[in-house]
Amino acid sequence: MSQSLKYYVYIDDSVQGPHDIAYIRSMNLAGSTKVCLEGSTDWTSLEALNGGKSNSDFINNLSGYSHDYMPTKIGKYNIVNEIGRGGMGSVYLAIDEILNRKVAVKELKIEDHKKRDSEAYNIMIRRFKKEAQILAQLNHKNIVSVFDIVEQNQNQYIIMEYLDGQNLEEKLNKEGDLPLLESVSIIADICLALDYIHKKNIVHRDIKPSNIVILTDGVVKLTDFGVTRDLNSATMTMDGSLVGTIAYASPEQDSRELDGRSDIFSLGVVLYELTTGQKPFTGDTIASVLLKIATKEPIKPTDINPKIHKMLENIIFKAMAKSLSQRYASAMDMYNDLIIYKQALEENNFVLLSGQKATDSIFLQNSNKVDSI
497 MSQSLKYYVY IDDSVQGPHD IAYIRSMNLA GSTKVCLEGS TDWTSLEALN GGKSNSDFIN
557 NLSGYSHDYM PTKIGKYNIV NEIGRGGMGS VYLAIDEILN RKVAVKELKI EDHKKRDSEA
617 YNIMIRRFKK EAQILAQLNH KNIVSVFDIV EQNQNQYIIM EYLDGQNLEE KLNKEGDLPL
677 LESVSIIADI CLALDYIHKK NIVHRDIKPS NIVILTDGVV KLTDFGVTRD LNSATMTMDG
737 SLVGTIAYAS PEQDSRELDG RSDIFSLGVV LYELTTGQKP FTGDTIASVL LKIATKEPIK
797 PTDINPKIHK MLENIIFKAM AKSLSQRYAS AMDMYNDLII YKQALEENNF VLLSGQKATD
857 SIFLQNSNKV DSI
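Position one of the sequence shown corresponds to residue 497 (my numbering), numbered consecutively onward.
Don't take each hint at face value.
[As the list claims (entries may be wrong)] Straight-line distance between alpha carbons at most 20 Å, and here's what the computed SDA-like set of lysine to any residue pairs gives:
#1 K572 <-> Q648
#2 K814 <-> N801
#3 K696 <-> D755
[To be verified] The following label-pair restraints were derived from C-beta to C-beta distances:
#4 I575 <-> K838: 34 to 44 Å
#5 K569 <-> N845: 50 to 60 Å
#6 F643 <-> I621: 12 to 22 Å
#7 N635 <-> I795: 21 to 31 Å
#8 S784 <-> K569: 43 to 53 Å
Since the hints were derived computationally from the structure, they do not count as laboratory data.
Note that CB positions come from ideal geometry on N, CA and C, so glycine has one too.
Sequences and hints are given; from them, build the entire structure.
Set out below in structure tokens:
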């Protein structure tokens, strides 16, 4: 479940990365060099991150804070060790001393942001609390659960379900493209999670491999609701700006008109990557990636991985349609087609697998269609 911080670096009029902290340190960059945390749109200088100190020790500031201090107890939760790191702070493994169960403690550490202007910090606080509020109202087997929120020593903590497993980014880095049946099963479970939150008028807005965790018992969990948009509210967690990770962003991601179909696009990108081993949209700059997402069609998955069937390619491309009207209308529609594909794969149904039989939802007439779960 561990996750190292990565940053984009602006050098010679181009964006490089994302690179991990050790690599950036080895580049011996000037203090004026601009960097941006992966998944953020907030560019700042190394000098600013380091509080004006010498550039040689900026590594601690990029890491979020010095490792000299780690809390031993947050509320009734005894801290065991650090298990992850994100843009807001650390994630700790802890034990609930009353219920005697493992939990994850997600931190927003005020010291990390004192050097930033107050409005930026207020946005961060609102985003953090918004995540806790959203997760607290959700109850689904494929969504991480939140148990509590604690304020201690002017720091904020969300107490969450401890996920014993690895995220898809880690799995991809170790294994490359995954077997088709495994890929489809994972994405089908996330479709169920998305269908659940979309029916509550919530859009996740940051669907990507690192936010999908596979537990040791095989259960799939959707995590990190820190950039969600609640369609019942006029306020977005990042004030309507472009959020999420660029490579998985939908064409309309920076629009106030986005809905659940934007998550479906991002999920299609993840399925493309799981089955081909590569991202559909890449580029040297953020602008070039966004331009490709908006205007270019990716290489056909069947041209990259000959094991991919035309039927699955159709599903991927329908999820990744540029036009909202051409995309799956709901995550449940995508789920239905993925289940039909799984059945065809298990039964070696060549007619279906070859994509020769299709309707407007690809296989909408299939009698096994599920309306809701």
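These are the hints, each one checked on the structure:
Among the hinted pairs, K572 with Q648 is consistent with the structure: their alpha-carbon atoms are about 11 Å apart, no more than 20 Å. Distance check on the hinted pair: K814 and N801 sit about 18 Å apart at the alpha-carbon level, within 20 Å; holds. Of the supplied pair hints, the one linking K696 and D755 holds, its CA atoms being roughly 12 Å apart against a limit of 20 Å. At about 41 Å, the beta-carbon gap between I575 and K838 stays in the expected band of 34 to 44 Å.
The given range of 50 to 60 Å is respected by K569 and N845, whose C-beta atoms sit roughly 57 Å from each other. A hinted range of 12 to 22 Å for the beta carbons of F643 and I621 is consistent with their spacing of about 20 Å. A hinted range of 21 to 31 Å is violated for the C-beta pair N635 and I795, which are about 40 Å apart. The beta-carbon spacing between S784 and K569, approximately 47 Å, falls within the hinted interval of 43 to 53 Å.
In this structure, only the earlier hint numbered 7 is contradicted, and the remaining ones agree with it.
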